[in-house]
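Student: Chains W and S, in that order, are what the protein sequence lines are.
For the first sequence, the numbering used here gives the first residue as 1, with consecutive numbering after it.
For the second sequence, the numbering used here gives the first residue as 1001, with consecutive numbering after it.
Hints should not be assumed to be uniformly reliable.
Said to hold, decoys possible - Within a straight-line C-alpha distance of at most 25 Å, the following computed SDA-like cross-link-like pairs (lysine to any residue) qualify:
| id | chain 1 | residue 1 | chain 2 | residue 2 |
| --- | --- | --- | --- | --- |
| 1 | W | LYS88 | W | GLU37 |
| 2 | W | LYS74 | S | LYS1101 |
| 3 | S | LYS1342 | S | GLU1370 |
| 4 | W | LYS88 | S | ASP1076 |
| 5 | W | LYS23 | S | GLU1370 |
| 6 | S | LYS1379 | S | TYR1365 |
| 7 | S | LYS1023 | W | GLU9 |
Claimed, not checked - According to the in silico footprint, chain S covers these stretches of chain W (three or more CB under 8 Å from chain S):
| id | segment |
| --- | --- |
| 8 | 8 to 19 |
| 9 | 32 to 40 |
| 10 | 47 to 59 |
Everything labelled a hint here was simulated from the structure, so no lab data went into it.
Note that CB positions come from ideal geometry on N, CA and C, so glycine has one too.
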Amino acid sequence: MNNKDFITELATRSNVSVKDAQKMVEAFTIALADSMEVGDSLTLQGFGSFEIKKKLERIVVNPATKQRQLVPPKLAISFKPGTSLKDKTK
Amino acid sequence: MDKKVLIQDVTTLLSARLNITKKAAEGVFRSFFDIIAEGLIRDKYVRIKGFGTFKIIVVGERESVNIKTGERFQIDSHTKVSFTPDAFLKDLVNRPFSEFKTTILNEGVNEEVLDAADKTKDNLQPQEDITEREETASVSVPSAAKETEEEVKVEDEHAEVSEEETKMLIPEIVHSTTMSEAVSKKEDKEINTPQASEEARNEAPKEVEPGNATSEIPVSVCVPQEEKMEVAAVAQEATDAEISLPSVQPHPRPWKRIATFSFIVIIIIGVVGAILYLQKNKSPEAQAVQQTNSVRRQQPATQTQTADATAQTATQPRRNYTILLMQGVPEDAAKAHVEKMKKEGYTEAEVTKYNGNTAIVYGYYATYDEATAKWRELKDIPFFKNSLPATVKEESKNQQ
C-alpha cells in the first residue's frame, strides 16, 4: 500500500478531504518527533511503541577507498510491534 | 523523562494543530493505525510519506541453544513488523545531533586510541543517576548486541566508549559540561571545540534519556568534524585529563580566594601603619613642639626679654636658638662627646632633649640670626660638621 492509497483510505474513513488527511499525517509525524525529542516513547495500545534510541559513533572503513571514517552519534526511532499487531500479521 | 506518551496526549496535540475536535482527532488516530495494520496484512508493506515505511519481514528458521540446559532447539520462521522512518522524521528526531557530520580519520587514530580516551573519562567525576547505573551495568557486549548486528562488532570496542560518554548526554547539564569540557579543554588549542561541546550541551540536555536505557547502547558525545582529527592528541593527553580536570573545574574559585586574601592583607598593613604613625605623633615632645612652635614664632622678641628675666630662676634659658650638633644619640655617648668638646674648649656644648631625643647642642642665642652667624663660624670644625642652627624648645614643656 503506497502513500497515495494510504492517504485516500484515511480520508474516506475519517470523512475528510485528501488534503486534510495529508495534513493529519504530517501533524502526527511532528507530534511524534516532538515527544521523541523530549525523550518519551510513544506507546499505542494494540499497535506498538515508538522508541528513541541513541546510536554510538563508530569508525567505518570505506571498502572501496579503504578510508577510515568516523560516523557521528545520532538518534534513531525504533518500533516495537504490539501483540495484537503481531498476531494480525502472523 | 522516560514517560510514556499516552494516546490522549497525541490526540490533544493533533486536535490543537488541526483545529478539529478531540474526538475527531482520536478517530483519525485510530483509523490511522487500523489502516496500517490492514495494509500490512494485505500488501505486507505500507509506505507513509513523511512518516516512514512499515514492512513485514519473514525471519527464517534457525537453530539456537537453550541457555540453561544447553540443548539445541529450533526457532521457527516467523514474521516481524519493521518500521523505517522517512528522512523527514529522521531529521526531526535527530535535531540535537544535526550538526555532526561524518569525518575522515587521520592515520594513527584507531579504536585503541578512542578507548584510551574514554577510559580516562571514567575517572572523571561520574555523577550518579539511576539510569546511568543501569547503563553502566549494561555496558558490556550484550547490550551492544541489542543493536543491529552490523554494529555489534564495532560496538564491542566502543562499549566502554559509549558507557562513559552516555553520561554526557544525560540531562545533567553540569555533568555533560564536565565531560565535554574535558574533551574540549584538551583540544582547545587545536580546534573550536567549545562551539561543538556547547552544541552538545545545549542540545543534549533534554536529551533522550538513557532511561530508554533498558535497551540501549549509550551514545557518546561525538567530537564533531575537525575535532576527531585530533583524537590522537586527545588520547595522548588523556592521562593528563584526569589530573588537570580537577584543577580545571574549580577554575573560577581561586581568583575569588586570592582577591579576598590580598584585600585582608592590605587592610592589616593599613591598620599597622596607622598605629605606628599615631604612636609617633602622640609623643609628648611632639605635642610640645607643635604648641611651642606656634607660640614662639608669634612673639620672638618678647620671649627673649622674658627669657632673660626667667633665666635666672630656670636652670637654663631655653626659649632661644641654638646650634644643634646631633640628635637621637644614646645619652652616654652624648655626654662623652660633650665632655670631649668641653676639653677642647667648647664649653657651651650640652646634652639636652630635642624632639624627644637626646641631643647635643651648642650655645643659646637670642635670635635665629645670631645662631646662624655663630654656626657659620663653627661649621667647618669637625665637631660641628653636621650641625645646624635650630630652635630650642622650652624645657618645661619638654618635660611633659
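Student: Next step is simple, just say for each hint if it's right about the structure.
Tutor: Now the hints, each set against the structure:
Straight-line distance between C-alpha atoms of LYS88 (chain W) and GLU37 (chain W) comes to about 30 Å, which puts the hinted pair past the 25 Å bound. At roughly 10 Å between alpha-carbon atoms, LYS74 (chain W) and LYS1101 (chain S) fall within 25 Å of each other, so this suggested pair holds. About 21 Å separates the Cα atoms of LYS1342 (chain S) and GLU1370 (chain S), which keeps this hinted pair within 25 Å; it holds. Restraint check for LYS88 (chain W) and ASP1076 (chain S): satisfied, since their Cα atoms lie roughly 18 Å apart, inside the 25 Å limit.
Restraint check for LYS23 (chain W) and GLU1370 (chain S): not satisfied, since their Cα atoms lie roughly 117 Å apart, outside the 25 Å limit. For a cut-off of 25 Å, the pair hint linking LYS1379 (chain S) to TYR1365 (chain S) stands: about 16 Å separates their Cα positions. For a cut-off of 25 Å, the pair hint linking LYS1023 (chain S) to GLU9 (chain W) stands: about 19 Å separates their Cα positions. Look at the segment 8 to 19 of chain W against chain S: 5 of its residues bring a Cβ nearer than 8 Å to a Cβ of that chain, three or more, so the hint holds.
Given as covered by chain S, the segment 32 to 40 of chain W passes the check, having 9 residues with a CB less than 8 Å from a CB of that chain where 3 are the minimum. Here's how the segment 47 to 59 of chain W fares: 13 of its residues keep a CB closer than 8 Å to some CB of chain S, so the rule of at least three is met and the hint holds.
Hints 1, 5, counting from the list given before, are not met by this structure.
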